[in-house]
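Number of protein chains: 2
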Amino acid sequence: MIAEVLATGDEIRSGALIDTNSAYISEKIEELGIKITRHNCVGDDEKELISILLELAERADIIIVTGGLGPTLDDLSREAAAQAAGVPLKLDTKALKKIERFFVSKQKSMPESNIRQARFPKGATILENPIGTAPGFSLIIGRGTFFFLPGVPTEMRKMLSEQVVPRIRQKLKEPYYYKTENISTFGLGESALEEKLREFPILFPDIKLGFRAGFPEVQIKLYQKNSDEAALVKEQEEATNWIKEKLGHKIVSLTGQPMAAVVGDLLLQQSATLAVAESCTGGLIADWLTDRPGSSDYFLLSAVTYANAAKQEVLGVEPTLLEKWGAVHEETAKAMATGVKKLGNATYAIATTGIAGPAGGSLEKPVGTVCIALAGPAKVESRRYFFPFGKRRLNKKIFAAQALNLLRLELLRELKKNHNR
Amino acid sequence: MIAEVLATGDEIRSGALIDTNSAYISEKIEELGIKITRHNCVGDDEKELISILLELAERADIIIVTGGLGPTLDDLSREAAAQAAGVPLKLDTKALKKIERFFVSKQKSMPESNIRQARFPKGATILENPIGTAPGFSLIIGRGTFFFLPGVPTEMRKMLSEQVVPRIRQKLKEPYYYKTENISTFGLGESALEEKLREFPILFPDIKLGFRAGFPEVQIKLYQKNSDEAALVKEQEEATNWIKEKLGHKIVSLTGQPMAAVVGDLLLQQSATLAVAESCTGGLIADWLTDRPGSSDYFLLSAVTYANAAKQEVLGVEPTLLEKWGAVHEETAKAMATGVKKLGNATYAIATTGIAGPAGGSLEKPVGTVCIALAGPAKVESRRYFFPFGKRRLNKKIFAAQALNLLRLELLRELKKNHNR
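Chains as they are written, first to last, in numbering that gives the first Met the number 0: chain A, 0 to 420; chain B, 0 to 420.
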């Protein structure tokens with residue numbers, strides 16, 4: 000079975016907007032065991048659109064098209080599909096009523112132009128859009144079954160999983176079961192992970208292994224299809240356990256959760272609270288932590304003390320200490336962590352002070368140097384690290400992730416200790 | 000002249016990696032006055048690659064291909080190009096020497112496999128890669144001139160501008176001059192901007208106008224080509240002035256700089272410093288501010304006081320005030336701004352407290368409500384806003400941008416006052 004994707008729209012064609020839909024669709028369709036052969040993109044040009052639809056109708060069995068379903072005149076997918084299939088457009092009164100109801104629910108009146116969204120090629124199956132005005136549709140042209148979806152990613156994703164994936168599953172001859180696992184890791188690059196897991200394809204030949212680098216974390220993705228559901232679950236479990244053994248604490252989570260959310264869970268589990276003191280990470284640790292809903296249950300404060308005076312005033316770092324060691328030093332980081340822990344009356348505190356660059360580096364403390372302190376109920380520890388990534392934004396990210404990772408490992412040790420008691 | 004792009008590689012085809020190269024190339028080529036008609040993508044499959052190269056050789060005049068130039072066996076662009084052109088591969092000793100020198104400069108020995116990178120289709124022009132091992136090449140197949148570039152974005156971008164763009168310019172019949180302008184705006188959506196500037200295409204028919212939404216800022220892009228350089232500069236200036244008049248302070252910068260950098264410039268200009276108190280924005284304002292190198296010259300601290308106790312302890316917000324008004328209130332925001340301004344001994348302070356969601360909303364203060372206070376040398380002001388974006392991350396961003404925007408407008412007023420004195 001040959002499958003392709005087609006993104007439409009001048010914004011994507013001209014480069015004003017990056018096409019994220021095609022990657023998303025490819026991943027989801029590949030999870031069904033179907034390989035996407037090509038991505039295609041054309042602009043809002045009726046001739047070009049019809050021409051590529053006809054090519055696809057000859058070349059592929061399943062085609063997923065995004066974009067061109069809006070109410071304006073440059074939304075051409077419905078017209079182009081009808082012309083490529085050689086059928087007229089027909090008003091669907093049921094779809095029109097739904098669009099009208101959508102506007103009523105938003106207490107707005109429907110503009111005349113939205114009527115266009117209820118006209119579909121004759122013979123098309125309408126695909127409902129539960130969160131927007133643009134319904135999609137599916138239509139057979141030549142050898143291809145086409146699924147036309149909106150370009151707005153949230154609408155496209157919902158309709159892909161609810162309307163398209165079940166229909167493609169029905170087309171597959173044997174009933175298959177699918178399982179995907181996302182494992183987030185920190186501390187090893189993609190090639191180092193590949194090296195550590197190099198026996199995987201021999202041990203688990205039925206499971207596809209993929210890596211996705213999302214600096215500074217790397218996601219490992221496992222997926223598998225099998226006609227025997229019990230065998231599938233068992234093999235996936237064995238594979239996950241094997242990876243757990245190989246990677247140990249490099250694994251941040253088995254559910255794909257990012258570092259800050261995992262740290263949040265561990266803090267919640269132990270009814271612990273956290274205070275942060277940030278210099279070089281400039282608020283990024285706090286930003287990551289507070290992206291998680293409910294983070295106010297454990298995250299108390301971050302003192303982003305960029306100026307030395309603020310380190311003294313807010314955190315109580317001694318001026319003599321700053322004079323003796325400078326802002327970037329293990330002792331300064333310790334004093335920052337101790338200071339913010341006391342200030343927030345928190346169970347744990349982390350502190351960062353370093354050189355994100357591009358300026359401020361020296362031979363002794365080059366750009367990429369960071370001192371991180373971790374203060375817990377019983378002790379405070381501090382270490383210096385050097386990261387070779389060079390760029391300011393990358394440095395902020397790796398510093399922040401490393402600080403959260405130290406806390407994560409400490410919380411895991413604590414958890415183990417309590418279990419063993 | 001018909002131009003297309005082709006991205007190659009299994010990572011992009013399978014969706015593991017999002018293709019940003021095609022959008023970048025499309026923008027750069029469109030700046031030359033050449034419209035990219037289609038984007039294409041295939042995986043690391045020799046048959047598929049040859050087949051699409053032959054299609055492109057019939058359909059397009061200029062084709063820019065990315066990826067497949069690495070040293071491993073799944074890097075197939077050189078082989079596929081040779082086969083599509085019907086020519087053999089030839090070792091280029093000059094290119095091989097350069098690759099060897101690259102490894103010497105990194106104090107490594109060259110792996111055997113890298114020899115592959117010095118074999119090119121007979122008749123190809125080699126395109127130098129100044130920052131990586133993979134040289135590119137250009138080759139004529141059918142009606143098409145193909146440019147093969149590496150997939151690594153930094154290498155591709157450098158080679159596109161240094162090696163490809165000058166060669167395409169030579170192909171254009173008349174010598175043209177080009178000018179691009181990026182204007183960042185805040186406070187109006189894309190359609191509202193389009194509406195405000197609807198007379199633009201009539202007044203400046205030679206300038207192409209584009210919009211790029213990068214929530215919460217929207218970039219306006221102007222570009223133009225002209226055989227007369229003086230006329231080009233003059234018209235672009237007139238167009239920019241016209242837009243300035245239409246949009247006024249909705250324009251954040253005429254150079255595409257983001258809000259936090261513009262605020263930084265204004266603070267520097269006035270030798271002023273800034274302290275921030277963040278509740279609902281959770282460190283995002285500080286993170287944005289500190290992404291700019293040299294921000295330590297004006298940014299002193301941000302107190303990310305998520306817990307009420309931290310608002311009291313760190314910022315000195317009165318418990319009675321919190322009891323009376325709650326955490327999300329104009330008076331609380333005022334007390335936070337006043338507190339952090341005093342703590343940091345800063346010229347200006349901004350404070351945010353609101354409900355980012357998904358939980359915590361009420362009828363009176365729904366998710367999307369934020370109170371922002373601005374404290375300056377003479378006064379402190381506070382206002383409540385409601386934003387209808389719903390999602391937590393979007394709320395954090397719009398709250399942070401709105402707070403920085405209030406400061407930007409105040410700094411502009413101050414600048415004007417000083418000029419008038």
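Simulated from the structure, these hints should not be mistaken for laboratory data. Be careful, since some hints might not be right.
Intra- or inter-copy, both count: the list cannot distinguish identical chains.
To be verified - The list that follows gives simulated cross-link-like pairs (lysine-lysine, PhoX-like), each with its CA atoms no further than 25 Å apart:
id: 1; residue 1: 396; residue 2: 178
id: 2; residue 1: 249; residue 2: 220
id: 3; residue 1: 96; residue 2: 121
id: 4; residue 1: 396; residue 2: 220
id: 5; residue 1: 416; residue 2: 105
id: 6; residue 1: 195; residue 2: 323
id: 7; residue 1: 364; residue 2: 105
id: 8; residue 1: 170; residue 2: 341
id: 9; residue 1: 170; residue 2: 105
id: 10; residue 1: 178; residue 2: 224
id: 11; residue 1: 415; residue 2: 27
id: 12; residue 1: 378; residue 2: 96
id: 13; residue 1: 390; residue 2: 107
Status of the hints after comparison with the structure:
1. 396 to 178: Neither: 31 Å inside a chain and 35 Å across chains, both beyond 25 Å.
2. 249 to 220: within (15 Å within a copy, 44 Å between copies)
3. 96 to 121: within (18 Å within a copy, 63 Å between copies)
4. 396 to 220: within (22 Å within a copy, 30 Å between copies)
5. 416 to 105: neither (54 Å within a copy, 44 Å between copies)
6. 195 to 323: So residue 195 and residue 323 fail the 25 Å test inside a copy (43 Å) and across (58 Å) alike.
7. 364 to 105: between (57 Å within a copy, 20 Å between copies)
8. 170 to 341: Answer is neither: 62 Å inside a copy and 68 Å across each miss the 25 Å cutoff.
9. 170 to 105: neither (37 Å within a copy, 53 Å between copies)
10. 178 to 224: within (7 Å within a copy, 53 Å between copies)
11. 415 to 27: Answer is neither: 37 Å inside a copy and 55 Å across each miss the 25 Å cutoff.
12. 378 to 96: neither (66 Å within a copy, 54 Å between copies)
13. 390 to 107: So residue 390 and residue 107 pass the 25 Å test across copies only (22 Å; inside, 48 Å).
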